[in-house]
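Build the full structure now, drawing on both the sequences and the hints.
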Amino acid sequence: MKVTFSFPTRFNLFLTAIVVLSGLGTAALLTYQQMEQRFRDLHRQGEILARLMARNVEFPLYVSDRRTARQVLETFQDFPDLLFVRIYDDQCREWLTVIYRSRPAVRTACPPDHPVPGLIRWFWNDTPLPLLLDAPVTAAADSGEASLFFDEERRPLGHVVVGFDPTEFRHAAHRSIQRVLAFTAMMIVPVLVFSWWRSQRLTRPLQRLHGALERLTQGGSEPVTVSAPIPEIRLLEEKFNTLIGWLENYRKDLEWLAYQDTLTGLHNRAWLQHNLDRIIRETTESHHSLGLLFLDLDRFKIVNDTLGHETGDLLLQTVADLLKRVVRDEDAIVRLGGDEFLILLANLSLIHNRATEQASRVAQKIVEQLNRPLTIAGHELMSTFSIGIALAPHDAQDGETLLRYADTAMYAAKEAGRNTYRLFQPHQSAAGERRLSLEAALRRAVERHQLQYHFQPQIRYPEGTVVGTEVLLRWHWQGAWISPAEFIPLLEETGLIVEVGEWLIAEIIALKRRWHRQGLCDTGFCHIGVNVSPVQLWRSNFAERILALLQSRDDDSVPISLELELTESALVQPSPAILATFTRLREAGLRFAIDDFGTGYSNLAYLKRFPLDTIKIDQSFVRDCIDDPADASLITAICAMARGLGLAVVGEGVETPEQAEFLRRQGCHVMQGYLFAKPMPAEAFERFLRDQLQAVS
Amino acid sequence: MACPTPEVAVVIAHPAAPYRKTAQALVQSLERQRIPARIRPADRLIPPLCPRLWVAVGSRAVAAIRKVDPDTPLVAVLVIDESVIEKARPATGVILMPPPEHQWRWFRRLLPRVKTLGVLYTPDHHDRLQILAKLGQRDGITIVPIAVETPERLAEALAELPDSIEALWLLGNGRLFSATTARSILITAFRKRIPLIGLSRQWVEAGAVYAFDWDYETLGRQAAEQVVHLWRHPENPPPPVPPERLYLTVNRQVFRHLGLTLPYPLPEGTILLP
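Protein sequence lines, in the order shown, are assigned to chains Z and H. Counting from 0, one number per residue, gives the positions in the first sequence under numbering that gives the first Met the number 0. Counting from 0, one number per residue, gives the positions in the second sequence under numbering that gives the first Met the number 0.
Note that these hints are calculated values from the structure, not bench results. The C-beta atom is built at its ideal place from N, Cα and C for all residues, glycine as well. Mixed in with the good hints, there may be bad ones.
As the list claims (entries may be wrong) - Far from chain H, by Cβ distances over 12 angstroms, these chain Z residues were calculated:
# : residue
1 : Leu435
2 : Arg447
3 : Val497
4 : Arg513
Said to hold, decoys possible - Pairwise CB distance ranges (calculated):
#  : chain 1 : residue 1 : chain 2 : residue 2 : range
5  : H       : Gln27     : Z       : Pro155    : 35 to 41 angstroms
6  : H       : Glu159    : Z       : Cys91     : 28 to 34 angstroms
7  : H       : Pro273    : Z       : Arg37     : 33 to 39 angstroms
8  : Z       : Tyr31     : H       : Arg43     : 49 to 55 angstroms
9  : H       : Lys66     : Z       : Arg69     : 40 to 46 angstroms
10 : Z       : Tyr31     : H       : Lys66     : 55 to 61 angstroms
11 : Z       : Thr166    : H       : Ser163    : 49 to 55 angstroms
What the hints assert, rightly or not - Here are a few chain H residues that face chain Z, going by a calculated C-beta distance under 10 angstroms:
#  : residue
12 : Ala15
13 : Pro150
14 : Ser177
15 : Thr179
Here it is, written out as structure tokens:
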């Protein structure tokens, strides 16, 4: 296991090691120097003693007087550590030995050869040898008158060898070492206490800085005050606090960037994800309700695609400013992205009914505020919201569920005709879930080309000949046919309609070529109507894609005669780009029809501006034209208008002969409906065409 | 190989101050007489050496010269007594030992109360002992002769010094009375509280009560006179001469220690120690 020490501990341990090593080193050095000095002194004393003895025994040795020599030498009895003295004559014969202290016999050499041992080796020897020192004994030469002056040469007379006992020296050295070690230990304690105190003073500010750094890494940004006695650390503190200020500013900037929608200045999705649960919790804890309003700008995509993104952005900014004026300061507005907004209504009543009223009041206010034309970049736009409302903690207690419920309620509002609001109801949840399931299944179906298309013939009345057909998308899922009213909007919302539309046109081109080869078009059947969603039409490359499909056919001698059926809403914003699309496609031989005419946008100016070919009267007018004079009048007016504009007219949803006859009388000779044929698969339609051929022939 | 120009070769036995002073005084005197002289150390007498005359400063120089040249006349200086010169003939010189009578006079003057005088002597100084005996008899002083034949007998002799003696006189050669034996002799005298008459200034410095000291320049001049005489009359060498000038060296501390009183006035040039 790896042990990690704090900085002060490491510092103190390091200092302790330094002090101990220094102390021991100094102690060892001092002890060694002291021992060496003592050893030198001992050696020097021994030399002096040996010379003194040599001087004193000079005469006795000269005159061979052992008794006197012994008397002289015995006077050194009390000399410390002196073991023995041995005298050799000039022939190296042992002349006299005086033993001062009992000691095992020691070998001495003559001529003297007693090298001075090294201190360490001598000191640590297990059986310490005596220190042996020698001095020559000399006598004056027999030189006549020179003896008078005492300057005569001297001749060797013998040697004195003195032995010293090292025991006391060793004991003294041991005591010295112990004293030095004890002194060192005593010195270490105050040094360590001082070092600990000092290191605390030094490191406490650093620890505070470290703590501040820790807090900083955990999101804290409080400045730190370390009160350090050291200028460098004070400077560090100052710089640290400056850095914290910078980081705080950066953090705020980053937070703003991360949590703000740069277009509208509102909170963004990240802010919502970061705060929604907290806000719900705090609201609940304060015994209030939270109202979550999910707003979707109706038909914003149309504005964006027809008037451009800049106009769309301006619309979003205008709407955001409007929302800011509607809500209270304590409420929060979030732009989720695109045309989706959220409003968090804080501190609503905890009582469910009252909270519902409060939230509804705000939603209604928003609807009313937006339910009037807005002037954006010179355009007068009608912009409405579909609003879904969910309440916490009544509907859900967590942000994710609450948001999903508000979204579900918003779809309910859309289904209710848009420009309104809906409170979340549990059954909406089931509908929302079905919608999600449908969306996933639809994606798979598109990927696997599992969508089907049926043909409903268009009949010239009363002749009964087939003049064209409308292609209708069909989807069979989980053993049932899904209504186009349910899956077509899904295709548009998900953008899959673009892919499906192109696929469908490619299929039709192939079929038309086959039918042409089979002669099925010989009866006068000429065009195939294909529904085009506004989402497709408003794409800038729509014309380009359609033309590419037409050019990809193998045999371009076969006339395709496509008729693109548009709803009135697709033409609500006549932009130069859409006009250019119309022009290019018409030049390629394509026709344009207005589908469900009379149910959409009331401004008929587009009939003049767009190069249309056909008007298809909505089946709702046809259905009641016999019984409802208003519908009959409308049909009459539409047919008259079409004649005036030079447009062909097709009656849709014709189910009875009376309806067909009425339409004929109004000048509408091409009809479509169950009276003539239901929508049918391609094979059935082929048989229908063959039957028509046989009938004609 | 031909000899260089004949000269006076001055051979010095020892580099100590007395030898150097004497030799320098000698050479200076010869230079004044225009006699060429050259100083050589005794241990470097390397042939060919053919001086007209040898001068030996110290007894070892005498021995060294006679070892290489036994025939050329020689003047010895700084030798103790005539015995050295006798052994080196043809030779003359200046001896260190003053005449016993001269020494006796100063003994009597400095230690007038001494009635029993012990004399440590070697047999080769028997003649001088006889002279001292006669002088003692004349002045009523008992001479106690203590013969010591070898240094080995000295310790015994010192141990057996009669208690009656009141001062100790030394008559001997350098082998008996050397730096080695001086310490014991002086210690014995000190312990027995006997005034020891030293042989030189160094003896007085070591504890003898008094001794004569020599004027080495005078010794050199005296030797130069002998050289000049021999230079001019080699066939008629002069007899050895004693030193003309002596200084008295007195150890006042020893005097006081022994309870003696210095006689005043002391001779001019007396050296008082310490």
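Evaluated hints:
no.	hint	verdict
1	Leu435	holds (131 angstroms)
2	Arg447	holds (134 angstroms)
3	Val497	holds (133 angstroms)
4	Arg513	holds (149 angstroms)
5	H:Gln27 to Z:Pro155: 35 to 41 angstroms	holds (38 angstroms)
6	H:Glu159 to Z:Cys91: 28 to 34 angstroms	holds (33 angstroms)
7	H:Pro273 to Z:Arg37: 33 to 39 angstroms	holds (37 angstroms)
8	Z:Tyr31 to H:Arg43: 49 to 55 angstroms	holds (50 angstroms)
9	H:Lys66 to Z:Arg69: 40 to 46 angstroms	holds (42 angstroms)
10	Z:Tyr31 to H:Lys66: 55 to 61 angstroms	holds (58 angstroms)
11	Z:Thr166 to H:Ser163: 49 to 55 angstroms	holds (53 angstroms)
12	Ala15	holds (4 angstroms)
13	Pro150	holds (6 angstroms)
14	Ser177	holds (4 angstroms)
15	Thr179	holds (4 angstroms)
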